[in-house]
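There are 2 protein chains.
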Amino acid sequence: MIRIMKITVISMGEVKNKPSIELEKEYLKRLTPYFKTEIAEISTRKLAGLSEKERKSKEAEAFLSKIKKDDYVILLDENGATHTTAKFASLVKKHMMAGTKNIVLAIGGVFGWDESIKSKANLILSLSPMTFTYEFARLILVEQVYRVATIINGIPYHKE
Amino acid sequence: MIRIMKITVISMGEVKNKPSIELEKEYLKRLTPYFKTEIAEISTRKLAGLSEKERKSKEAEAFLSKIKKDDYVILLDENGATHTTAKFASLVKKHMMAGTKNIVLAIGGVFGWDESIKSKANLILSLSPMTFTYEFARLILVEQVYRVATIINGIPYHKE
Chain H
206 MIRIMKITVI SMGEVKNKPS IELEKEYLKR LTPYFKTEIA EISTRKLAGL
256 SEKERKSKEA EAFLSKIKKD DYVILLDENG ATHTTAKFAS LVKKHMMAGT
306 KNIVLAIGGV FGWDESIKSK ANLILSLSPM TFTYEFARLI LVEQVYRVAT
356 IINGIPYHKE
Chain Y
206 MIRIMKITVI SMGEVKNKPS IELEKEYLKR LTPYFKTEIA EISTRKLAGL
256 SEKERKSKEA EAFLSKIKKD DYVILLDENG ATHTTAKFAS LVKKHMMAGT
306 KNIVLAIGGV FGWDESIKSK ANLILSLSPM TFTYEFARLI LVEQVYRVAT
356 IINGIPYHKE
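In order, the protein sequences belong to chains H and Y. For the first sequence, our numbering assigns the number 206 to the initial residue and increments by one for each residue that follows. For the second sequence, our numbering assigns the number 206 to the initial residue and increments by one for each residue that follows.
Next up, chain H with everything else stripped away, as it sits in the complex:
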């Protein structure tokens, strides 16, 4: 039996937009045969009054408590490297083959990532030269993970 790899999407901040949550749910449902995909939201509600530096440091702390030593950590960051979907799929497939247990895809908060976190990441990835909110970035990311699953498994992308 082939073990299903886990993909954890960590987002700094909660998604509250209902249609966005609905659409994300749909992709997560479609993903069930391929990956054990989980969304882990880190609440940032209590960080609203902090300075940028304090906030990034608090977020870094919260983020580090969520990841394990052998996770493959991909940070989403607008200054990261861009990948085609095919290249992203190859990377994910390589980790499936190598027995990686969990790929973490992490979306930063309003000020981006603390430098201490950037140096710990295995890859810093940008979805596009365009800028998105963390909420919308999460939706794009989950859609791309689904597309990656269809590429790896050689199935046509479901068109509804």
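Derived by calculation from the structure, the hints in this document are not laboratory data. No false leads were mixed into what you were given.
The list that follows gives simulated cross-link-like pairs (lysine-lysine, DSBU-like), each with its CA atoms no further than 30 Å apart: (1) Y:K230 x H:K230; (2) H:K234 x Y:K234; (3) H:K223 x Y:K221; (4) Y:K241 x Y:K306.
Each pair of labels, with its calculated beta carbon distance range: (5) Y:S262 x H:A291: 24 to 30 Å; (6) Y:I357 x H:N284: 20 to 26 Å; (7) H:K221 x Y:A267: 36 to 42 Å; (8) Y:K234 x H:A291: 34 to 40 Å; (9) H:K271 x Y:T287: 29 to 35 Å; (10) Y:S321 x H:G304: 48 to 54 Å; (11) H:G254 x Y:S321: 55 to 61 Å; (12) Y:N358 x H:A286: 30 to 36 Å; (13) Y:T305 x H:P238: 43 to 49 Å; (14) Y:E257 x H:G254: 54 to 60 Å; (15) H:A303 x Y:A303: 51 to 57 Å; (16) H:T305 x Y:K234: 41 to 47 Å.
Even for Gly, the Cβ is constructed at its ideal location relative to N, Cα and C.
With chain H fixed as given, assemble chain Y onto it according to the hints.
For chain Y alone, coordinates are given in the frame of chain H:
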């Protein structure tokens, strides 16, 4: 009184996914103070049995019937140029200042654009090195147009 510029998003194919339509509607609603934004769907249902060449030619014909001579036409294409959101905003602002009546943002069908259309476009733009379905590309595009509106008007991006 300042005339509100029109932005027409043309998509080759209908979006049927409900949460995607809901989210798009939300961005369109938020856009009302800034642009006259319109979605024009070209139905591709009757083109399903055609060859790639025939289909692209039929799509090109339908697309040309939708645009006017003085429209500024931006084709979305995965091989197009990528722009940052700031650069995209500058371009849109330049057209507002110059009195452009309508910016057309057009998303191609499953096989992409016919060459005859590419040569008629004012700009060929790629949203990301990643690949999206036309449905999801349309959602990203509408979200970006909203972000462009917030940049041009100097208002903070609405976080819900």
